[in-house]
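Peer 1: Please construct the entire structure, taking both the sequences and the accompanying hints into account.
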Amino acid sequence: MKSLRKLTVIIIQVALVATLTFSAVAAKNNGRDAITQEDLKEWLTYLASDELEGRNTYSEGLGLAAAYIAEHLRSWGVKPSGPNGSYF
Numbered sequence: 001m002k003s004l005r006k007l008t009v010i011i012i013q014v015a016l017v018a019t020l021t022f023s024a025v026a027a028k029n030n031g032r033d034a035i036t037q038e039d040l041k042e043w044l045t046y047l048a049s050d051e052l053e054g055r056n057t058y059s060e061g062l063g064l065a066a067a068y069i070a071e072h073l074r075s076w077g078v079k080p081s082g083p084n085g086s087y088f
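Be aware that the sequence shown starts at 1, since it is given in this note's numbering, and climbs by one per residue.
Calculated directly from the structure, the hints in this document are not laboratory data. Glycine included, C-beta positions come from ideal geometry on N, C-alpha and C. Among these hints, one or two may not hold up.
What the hints assert, rightly or not - Between beta-carbon pairs, the in silico distance windows are:
id, residue 1, residue 2, range
1, Phe88, Leu40, 19 to 25 Å
2, Tyr58, Asn84, 15 to 21 Å
3, Ala48, Ser75, 19 to 25 Å
Peer 2: Written out as structure tokens, the structure reads:
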């Protein structure tokens with residue numbers, strides 16, 4: 001049961017990252033054609049790295065992943081819409 005919960009959380013996180021990443025890049029660079037294979041490889045390699053510890057809930061790895069995503073959104077000019085000016 002714990003493995004299923006962990007898998008579900010990981011799938012949801014990947015879906016969120018993909019949605020935020022693709023919509024932000026598409027908005028700034030006039031579409032998905034601006035996203036290169038190298039960009040995707042760089043982003044996904046980091047998010048899947050051992051450094052992020054599997055991005056377990058309430059772990060340092062999850063915080064690092066969130067900061068990485070927020071920084072990319074900020075650099076692409078996406079305005080935060082979460083509570084207190086947050087992206088999440």
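Peer 1: Hint by hint, say whether it matches the structure.
Peer 2: Tested hints:
A beta carbon spacing of about 22 Å between Phe88 and Leu40 agrees with the range 19 to 25 Å that was offered as a hint. Evaluation of the 15 to 21 Å hint for Tyr58 and Asn84 yields a pass: the beta carbon distance comes to about 19 Å. Take Ala48 and Ser75: their Cβ atoms lie about 21 Å apart, and the range 19 to 25 Å holds.
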